[in-house]
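Visitor: Take any residue in the sequence shown, count from 1 to its spot, add 89: that is its number in the working numbering.
Just so you know, the hints here were simulated from the structure itself, not pulled from any lab data.
All C-beta atoms in this analysis are idealised placements derived from N, C-alpha and C, irrespective of residue type, glycine included.
Among the hints, erroneous ones may be present.
BS3-like, lysine-lysine: derived pairs with alpha carbons at most 30 Å apart [unchecked claim]:
#, residue 1, residue 2
1, K192, K254
2, K338, K292
3, K252, K292
4, K205, K292
5, K292, K342
6, K177, K192
7, K228, K192
8, K228, K254
9, K177, K228
10, K205, K177
11, K192, K205
12, K192, K252
13, K293, K342
14, K252, K228
15, K205, K342
16, K252, K205
17, K254, K292
If you anchor each label on the Cβ, the simulated ranges turn out as follows [stated by the list, open to error]:
#, residue 1, residue 2, range
18, I251, H124, 26 to 32 Å
19, L332, L235, 45 to 51 Å
20, E178, L392, 28 to 34 Å
21, L241, T378, 40 to 46 Å
22, Q189, T151, 33 to 39 Å
23, H310, Y182, 24 to 30 Å
24, S129, Q189, 51 to 57 Å
25, E195, N333, 28 to 34 Å
26, T378, K293, 41 to 47 Å
27, I251, L175, 44 to 50 Å
28, K177, L235, 54 to 60 Å
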Amino acid sequence: MAGLNERKQRILHAVVTDYIQTAEPVGSRSISRRHQMDLSAATIRNEMADLEELGYLTQPHTSAGRIPSQQGYRFYVDALMDAAQLAKEEHEYLSGVFTQLEKMREIDQIIQQTAKVLSVMTCYTSLVMGPQFRRSAFKQMRLIPLDEQRALVVLLTDTGYIKNKVIDLPQALSSDELVRIVNYLNEQLAGQTISSLSATRLKKLRSDLYARIELLDHMLHLLEDCSAEGESRVFLGGTSNILNQPEFKDVEKVRHLLTLFEQGERLSFILETSLGGVSIRIGTENAITEISDCSLVTATYHLHERPVGTIGVLGPTRMEYSR
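Work the whole structure out from these sequences, hints included.
Guide: Have a look at this one:
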């Protein structure tokens, strides 16, 4: 980037890494002492003044050292950051955790444990959005008779979601016809995402089974309800971790964050608007005011090569990005 020669980049890297570790403004003497630079403290100080002028550093107090600005963090993340590797012990810990998770049958349990593990390993707050129901693919519909007049319609998706509804049975239909209707729907809808079930598509299914319209109506209403549903569940881990960060000693700032953690729809919005793959949003790059002093690192996760949810870590802008 224009204005940042190699020396300035080395000094910016040193300031960011030191500030991430200490949460204290970084001075030129500290850089000269900690980092192997063949430069005098005066030269480093001049370069830091230039970096401040260019917008990469700020000086909280006149007599203090400097800290990275949002622009400084962004340049560090995009151009200077060294990739960190997990330690052997951490690999073994994760391997053990996910061996246990493989035994779980409920998707909610797996997500809750994942959120907990991520918060423990990073010491930040983790957010995991469960598989979005509308992105799930239709797997199977079942009709379970409860008595002569009523039955339970059960909708299953490939992400483990189950939706059900009690319906009244038309007396004119035999049990064989009921089975044929269910089999027909299973055949027509197999593998399609819930969100793809448009009104036109459902109208076509009604037309195909017009003679059995009353029962079909009940079953398609369940599909319509699911298709219109905007349910996105977010699981949190380590919400109190944010309180351990020196940046969040301000009671008002923490209160706004903790209130946000209770607002599922807004948390869903944060995660749903994340880009595919790994995304890092710093400070005001986040659309929600309550986290404008935070950084959010997110990644999408997939099922059958289809993105179904998002997992994220929320911490201060002084986040250990490389980890």
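Visitor: Confirm or reject each hint.
Guide: Status of each hint after checking the structure:
For the proposed pair K192 and K254, the alpha carbon gap of about 29 Å is at most 30 Å, so the pair holds. Distance check on the hinted pair: K338 and K292 sit about 57 Å apart at the alpha-carbon level, beyond 30 Å; violated. For the given pair, K252 sits about 21 Å from K292 by alpha-carbon distance, which is consistent with the 30 Å threshold. For the hint linking K205 to K292, the alpha-carbon distance of about 44 Å lies beyond 30 Å, and the restraint is violated.
Note on K292 and K342: the hinted pairing is violated, with a Cα-Cα distance of about 51 Å set against a maximum of 30 Å. This hinted pair checks out: K177 and K192 have alpha carbons roughly 24 Å apart, not beyond 30 Å. For a cut-off of 30 Å, the pair hint linking K228 to K192 stands: about 21 Å separates their Cα positions. For the given pair, K228 sits about 17 Å from K254 by alpha-carbon distance, which is consistent with the 30 Å threshold.
Proposed proximity of K177 and K228 is contradicted: the alpha carbons are some 39 Å apart, above 30 Å. Between K205 and K177, the direct Cα distance comes to roughly 20 Å. Compliance with the 30 Å bound is thereby established for this hinted pair. Distance hint between K192 and K205 is fulfilled; the C-alpha atoms sit about 17 Å from each other, no more than 30 Å. Taken as a hint, the K192 and K252 pair is honoured in the structure, with Cα atoms around 23 Å apart against an allowance of 30 Å.
At roughly 53 Å between alpha-carbon atoms, K293 and K342 are farther apart than 30 Å, so this suggested pair is violated. For a cut-off of 30 Å, the pair hint linking K252 to K228 stands: about 12 Å separates their Cα positions. Restraint check: the Cα-Cα separation between K205 and K342 comes to about 24 Å, which is no more than 30 Å; the hinted pair holds. A distance of roughly 27 Å separates the Cα atoms of K252 and K205; the hinted pair therefore holds under the 30 Å criterion.
The hinted pair formed by K254 and K292 meets the criterion: a straight-line CA distance of about 20 Å does not exceed 30 Å. The hinted window of 26 to 32 Å between I251 and H124 is violated, with their beta carbons roughly 57 Å apart. Against the hinted window of 45 to 51 Å, the Cβ-Cβ separation of L332 and L235 comes to about 50 Å, which satisfies the hint. For E178 paired with L392, a C-beta distance near 30 Å keeps the hint of 28 to 34 Å intact.
In this structure the supplied range 40 to 46 Å holds for L241 paired with T378, their Cβ-Cβ distance being about 45 Å. The hint said 33 to 39 Å for the Cβ distance between Q189 and T151, and at roughly 54 Å that hint is violated. Range check, H310 to Y182: Cβ separation about 47 Å, and the 24 to 30 Å hint is violated. Checking the proposed 51 to 57 Å range against S129 and Q189 shows it holds: the Cβ atoms sit about 55 Å from each other.
For the pair E195 and N333, the supplied restraint of 28 to 34 Å holds, since their beta-carbon distance comes to about 31 Å. As the Cβ distance of T378 to K293 is approximately 45 Å, the hint placing it in 41 to 47 Å holds. The beta-carbon spacing between I251 and L175, approximately 35 Å, falls outside the hinted interval of 44 to 50 Å. Between K177 and L235 the Cβ separation comes to about 55 Å, which falls inside the hinted range of 54 to 60 Å.
The structure shown violates the earlier hints numbered 2, 4, 5, 9, 13, 18, 22, 23, 27.
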